[in-house]
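**Q** Here's the letter readout for the chains.
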Amino acid sequence: MSRLAAITGAALAKDLRLEWRSKDAINAMLFFALLVVVIFSFSFNPTAEESRQIAGGLIWVAFLFAAVVALNQTWARELRNQVLDAYRVSPAPASALFLSKALGNFIFVSVLEALMAPLFIIFYSLRALGPTWQLIPVSALGTWAIVVNGTFFAAMSLRTRSREIMLPLLLFPLLATVNATTLILTGEASAKVWIVLLLAYDVVFTTGCLLLFEIVLHAE
Amino acid sequence: MKRVFPILGILTAALLSYALYEALIAAPTEQTMGNVQRIFYYHVASAWTAFLLFFINFGASVAYLIRRNPIADAIAVTTAEVGVVFCTVVLVTGPLWARPVWGIWWTWDVRLTSTLVLWLIYVSYLMLRRFSSSGQTPLLAAVLAVFGALDVPLVYFSIWFFRTQHPQPVIGGGGSIDPRMMHVLLLNWAAFLCFAFLVCWSRYRLERLQKDVEEAQALESMVQPGGTR
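Protein chains in written order, with the working numbering: chain A, 1 to 220; chain B, 1001 to 1229.
Incorrect hints may have been included.
Using C-beta positions, here's what the derived DEER-type ranges look like [claimed, not checked]:
| id | chain 1 | residue 1 | chain 2 | residue 2 | range |
| --- | --- | --- | --- | --- | --- |
| 1 | B | Ala1190 | A | Leu4 | 45 to 53 Å |
| 2 | A | Val61 | B | Ala1190 | 39 to 47 Å |
| 3 | B | Leu1219 | A | Val203 | 46 to 54 Å |
| 4 | A | Phe44 | B | Ser1202 | 51 to 59 Å |
| 5 | A | Leu4 | B | Trp1106 | 40 to 48 Å |
| 6 | B | Arg1099 | A | Asn81 | 55 to 63 Å |
| 7 | B | Thr1032 | A | Val61 | 38 to 46 Å |
| 8 | A | Ser43 | B | Ala1190 | 52 to 60 Å |
| 9 | A | Ala189 | B | Ala1013 | 45 to 53 Å |
| 10 | B | Val1123 | A | Phe44 | 29 to 37 Å |
| 11 | B | Glu1214 | A | Lys23 | 43 to 51 Å |
| 12 | A | Ser90 | B | Ala1013 | 57 to 65 Å |
Among the chain B residues that face chain A by a calculated CB cut under 10 Å, a handful are [claimed, not checked]:
| id | residue |
| --- | --- |
| 13 | Ile1121 |
| 14 | Val1123 |
| 15 | Leu1128 |
If you want the ones that stay clear, here's a sample from chain B, every Cβ over 10 Å from chain A, calculated [unchecked claim]:
| id | residue |
| --- | --- |
| 16 | Leu1016 |
| 17 | Val1101 |
| 18 | His1183 |
| 19 | Tyr1204 |
| 20 | Gln1224 |
Worth flagging that the hints you see were computed from the coordinates, not collected in a lab. Backbone N, C-alpha and C fix where the C-beta goes; we use that ideal spot for every residue, glycine too.
With the rest of the complex left out, here is chain B (with noise of 0.2 Å):
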């Protein structure tokens, strides 16, 4: 396991570097939009790793709310913790991108809002996570992370009912792409899922060891009282 890891780290720093410079180089530019629209392969590689995260991060909390386990436990916080940063990745590229094609830098589009809400959802969940202290964390954590899956695709679904300034979803949505662009916007997000793993990887063991320590400590402090004086 430990020598997995820097060949990992290696690999993923080798595929980004190539997904990097097909992006800004190797892809066509776009007619209308010109250079601006390379942002498109790191916002939307982005978002597609959020999502998968938010997905699996509603699996890990399922799977703890039905078998109590710690390891479901832990995937949970480190699919909701790395998903927040992608998702602010794409918060981010967002208006970047927008303040040039659009001329404004946010609208309360749907779209817009219901990406805003998915993050303000997960940063509350880091949050309870954060502030409260009883033993019943992770319970309480899975339960809100249920509530937040359930609010998801409601918020998504009404993107359905109105029309939208965002460009359409690439993939089932319409929109149409250069298959040349297709390649790139894949070969990124092969990178970004890479990465993720990679992050969520050590995140995840910092996790298992943190709670480690702490029963170790739990475990001393029953003992030292008769054992040591």
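Chain A with its partners taken away, still in its complex shape (with noise of 0.2 Å):
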């Protein structure tokens, strides 16, 4: 377990590293998502008791759209100088690899999360009528059903080139993180039913994707 735990970590602090040095991802992902919330907030021009009612997907789309910019990049440093094939054939565990990468990808997007939410608020003049505190579990367990399912996709799709066949088995998520931030945002009713099933499918993908990680891996 220390093991794994010293993989995942060693592997984790190297792709921090690299992003903090080049800025890749971020950068990208900042300008896109900026550009989103611009087109959307200008073409909608909503009052405040609409935003509450469209803001929830409005904020998820840009988010989703952004993550898969960090998405598409997470494996395709690692071809370059045959590192996969390294990865391959070292005794590494493969699950401490791709916890590593979903773990970063969940890092980066979470930033990226905390750095849109106040242009968001200020764009929409957002104002929770629910209770607040419960969107950052909302945006958290939301936020890693993306990119757990993004990262393994990924990986998938080095070979396939089709990564919209993730997009159905990320609907399910999408649907729950939407209904839940809409929910708190209109205080019509309670979120957490929505909350609990995003927990639900949270642990049942993970534990899928980390068993199935290392057949996908060797798949060449």
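Join the two chains, each given in its own frame, into one complex according to the hints.
**A** Now the structure itself:
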């Protein structure tokens, strides 16, 4: 267990250091999300009441698209210089590699969300009528659902070049996240059920990804 | 084997026509909905058939992941394809019934949404199989099938938490049904299952033959350069 944690930590630290120095992914994501916010904002120009209804969907569409930017470059870096082949022959467990990549993407996307959330609040004059603190577990669980599946399918589509196939699997967590966010913003009903469902989804799919990643890594 | 197929085909045709007669003429007319309700015999029977096929697809995919057996892979393709067809029937007959009864074609009700998501997942499975050209396609497809199957119960359990417009499930859901209607429904399901089995059988044979041809061609191209020239 400690070995798994050590390898995961080392790979994660490497990815974070690379990103800290190059800032490739985060810049691309930020710019992209900013454009989406601006486009949505001036095409709808909503009042405060309307924006509570639609903001949940808009925010998550923007975050999803931005996350795809991070997911696309997850494995691309490892293909150069045959790093992925080195991983394949190394005795390190494949799940450690997967976990580090998923955690890295989770951190990138979370940073993006933290930076973009104030912009959304300003542009849409948002003020939640429900319990605001619940937005934190919702966004954490929703982001994890997106990145864990996204990282896995990015590895799969190294060979198939068809990343769209993962989108149907993301429909359910997106549905849950958007609904939970909207419920919290409008304060109409409790979002607890959706949070529990998201948690269940995250547990099931994280387990599935960790178990099946080895097969995908070795499929060549 | 060759002789069994046409006999089974004729039996299935007979059963299907008898089930059609039972559903459209013999079954009692529903009190409030009238004749529109008769689509129920096709809608529910197709849904059960589709779920059964997707379940077999999941089993075959797991078997492929463990054993790497090409037969399991052929079964997985077959059941996914036929399952998508039956699921499409469910998604088409549903709105046809909903329009006169609910007054709308479609609503983003949990149950309808979950069936649509299910359909999308298996369409993406078929797309993966079609567009991916590497030799690892069966493996990746099996992984996707397992993921899809993991998603289904989650989406399905979410139904329990919400009020739904969809009528309660006939079995195990508290919905009640006239025993005469139940009889017709089961008859239709039996006929649909026979039909699905028949289609699956021929699709499975096609898949196996295709693999044989591919193997023979690969073998031939390996022999050709040195041998004949």
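**Q** Please flag the earlier hints that this structure goes against, numbers listed from lowest up.
**A** none
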